[in-house]
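Enquirer: Sequence:
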Amino acid sequence: MSEQDTHLIWVLADDRAGNINQAIGVAEALAQPFKRVDIGYTKFARLPNIIRRATLIGVDMASRARLAAPWPDLVIAAGRRTAPIARWIKTQSRGHTRICQIMRPDSGERMFDLIAVPAHDGMTLRENIVEIPGAPHRVTETRLLVEADKWRPHFKGLPGPRFSVIIGGSTKKTTFTKDMAKELIAKVIDAARAVDGSLLVTTSRRTGAENEELIAEQLGASGVPYHLHDWMSTDENPYFGYLALADILVVTGDSVSMCCEAAAAPGGVYIYAPDGLANDRHKKLHQSLYEGGYARPMQVDSELVPFKHPSLQPARLVAQRCLELLSAPVHSDDA
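In the numbering used here, the protein residues as written are 1 to 335.
Hints in this document: simulated from the structure, not taken from any laboratory.
Any given hint could turn out to be false.
Taking CB as the label site, the calculated pair distances span [said to hold, decoys possible]:
#1 18 / 42: 18 to 26 angstroms
#2 330 / 283: 35 to 43 angstroms
#3 55 / 156: 52 to 60 angstroms
#4 236 / 50: 19 to 27 angstroms
#5 41 / 283: 27 to 35 angstroms
Note that the structure is a prediction, hence the values are computed from the model and not measured.
Each residue gets a CB set at the ideal place from its N, CA and C atoms; glycine is no exception.
Go ahead and model the full structure; you've got the sequences and the hints to work with.
Expert: This is the structure:
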């Protein structure tokens, strides 16, 4: 076994699925074994990181028990609340542990060996900061091939071209209105009907009950073949099958993760982001995806046609930098 094979790698997994997927996506791209360390929080995790610093303030007792030597060679973490924990681990290891933080740590930037931020965040670049085109994720070409084989029999009665419609919803700062839901579903129904295609539609917990009902009603009355998976369904989630088997993907622009995962899939990607649905940060992401050729804006008066685009794989860029960290000599004064 080579020295590279013996690296001890931890992924800090907190209570936010988006953060977990980003961190695990990078770890999987390393193609090495890693340990997932689940993190729970107390109310003190709400404190700003300039106060929490390199401590376990805000970390619950069960999680503290999991944070023990032997200390890892590399910690991968995502999101503001994990940043002080990663710094604490590095301090406990006397600088041995290298720490890779995904997204802004909001304090102590110089202590991190690597900070990976989406280009649309506009963070001032330093030697330890790498810009990536969007958020890391776990949607690889290999996984899509596996998911396509798994789900193809389930959708064999749905004619191509297939339109996958990935619907998010309201956020803290924006609202997915009934008019938006009506406009979106009417557009994709018309597009599928025009080419005798079919629809694969999934919603999220943020879509809203009224919008869920409207979407289901319009699909049922459309006469277009479709498969609908609402977020409350107890059936196995076909999300990755939708990504793998779509000729065209339409995704609402309220989620960075959804847009980036869609841009990894082979189908042509259209982002539905009318005024009021996407905040300024999301709009910057959309623009970067358009400029990179990964996606196109969905216009109500334009056609939805298949197109080829590169597979968006930011996790690989971060993983490559992590491998460089692991191969570099460790200095005791790094902490």
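Enquirer: If a hint holds in the structure, say so; if it doesn't, say that too.
Expert: Outcome of the hint check:
1. 18 / 42: 18 to 26 angstroms: Hint holds: Cβ distance 21 angstroms, inside 18 to 26 angstroms.
2. 330 / 283: 35 to 43 angstroms: Holds, at about 41 angstroms.
3. 55 / 156: 52 to 60 angstroms: Once the Cβ atoms are compared, 55 angstroms apart, the range 52 to 60 angstroms for residue 156 and residue 55 holds.
4. 236 / 50: 19 to 27 angstroms: 44 angstroms Cβ-Cβ, so the 19 to 27 angstroms window is violated.
5. 41 / 283: 27 to 35 angstroms: holds (30 angstroms)
Going down the numbered hints, you'll see the structure goes against just number 4.
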